[in-house]
Amino acid sequence: MLTFDKLTPGDGLGTNIQLFSDEVIAEWLDLFPEDESLLPNLPPSMISAITMRAFLATVQPRPKGNIHGTQEFSVHKLPKLGDEITTNISCKDKETRKNNNWVYFETHSHDQDGVLLFTGSMGIIWGG
Amino acid sequence: MQKLVESRLAVDHAAIAKYAKITNDYNPIHIDPEFAKKTPFGDVIAHGTMSLSLIWQSATRTFGAEAVSAAKLNVRFSKPVRNGDTVTAGGSQSAEDPNRYDVFVKTQNDDVVIKGWLEL
Numbered sequence: 001m002l003t004f005d006k007l008t009p010g011d012g013l014g015t016n017i018q019l020f021s022d023e024v025i026a027e028w029l030d031l032f033p034e035d036e037s038l039l040p041n042l043p044p045s046m047i048s049a050i051t052m053r054a055f056l057a058t059v060q061p062r063p064k065g066n067i068h069g070t071q072e073f074s075v076h077k078l079p080k081l082g083d084e085i086t087t088n089i090s091c092k093d094k095e096t097r098k099n100n101n102w103v104y105f106e107t108h109s110h111d112q113d114g115v116l117l118f119t120g121s122m123g124i125i126w127g128g
Numbered sequence: 001m002q003k004l005v006e007s008r009l010a011v012d013h014a015a016i017a018k019y020a021k022i023t024n025d026y027n028p029i030h031i032d033p034e035f036a037k038k039t040p041f042g043d044v045i046a047h048g049t050m051s052l053s054l055i056w057q058s059a060t061r062t063f064g065a066e067a068v069s070a071a072k073l074n075v076r077f078s079k080p081v082r083n084g085d086t087v088t089a090g091g092s093q094s095a096e097d098p099n100r101y102d103v104f105v106k107t108q109n110d111d112v113v114i115k116g117w118l119e120l
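Read top to bottom, the protein sequences are chains A and B. Throughout the first sequence, residue numbering follows my numbering, covering 1 to 128 in sequence. Throughout the second sequence, residue numbering follows my numbering, covering 1 to 120 in sequence.
Bear in mind the hints are in silico, worked out from the structure with no lab data behind them.
Chain A regions said to be covered by chain B (calculated; three or more residues, Cβ under 8 Å): (1) 29–41; (2) 44–56; (3) 75–88.
Pulled a few chain A residues facing chain B out of the computed Cβ check, cut under 10 Å: (4) 66; (5) 67; (6) 68; (7) 69; (8) 70; (9) 71.
Note that the Cβ used here is the ideal one computed from N, Cα and C, for glycine as well.
Sequences are here, hints too, so could you generate the full structure?
Below is the structure:
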């Protein structure tokens, strides 16, 4: 279990690879059909979903009761259908504030050619 | 002062289930009413980033995808979104910085659930 005590700022936590495929976009358009007009580029609205899927697949096992408190993104380039999105995740910082244990994670996503797509930083109140 | 074109989503069990599948986030607080009853929320809550997606949609509808492809976004999740809520994202140009927009997601009751800024 990745408890608050075990998470160390600066540590890499792993890498996740997702294919931006027809199947992926079909599921997205079922929820947000208006984004179809943005294809073949990744709709910007999918950035947070791609990042969360990478985070959840990589940072585990997690304690129960985590609460997503803050999120930052910087977008550099939007991938296209068929591109592979590789996300590296690391622990950026942690602190105890107002009796809550906060952990900050950094995400860097790039395509199959190594081109940076988007970066993120999420602050999570860690449950254990 | 420019305002963002608003983007809206009706949040129900079906929408939450679809987003759970997309992100592979099957935390019971989102999908299991019996589990959620025993939490301080009392019912399932939506994934925060599902509502966050609406800010990107609002920005894209206002400025176009090309402008948003170099954007920065910084938000805080302040309240949960519940099954049955309708959430709306929007924003307005900052008085201090013309490249910055104060953005929000709020419920049908004007409860702000996400607040922050977008920079283009």
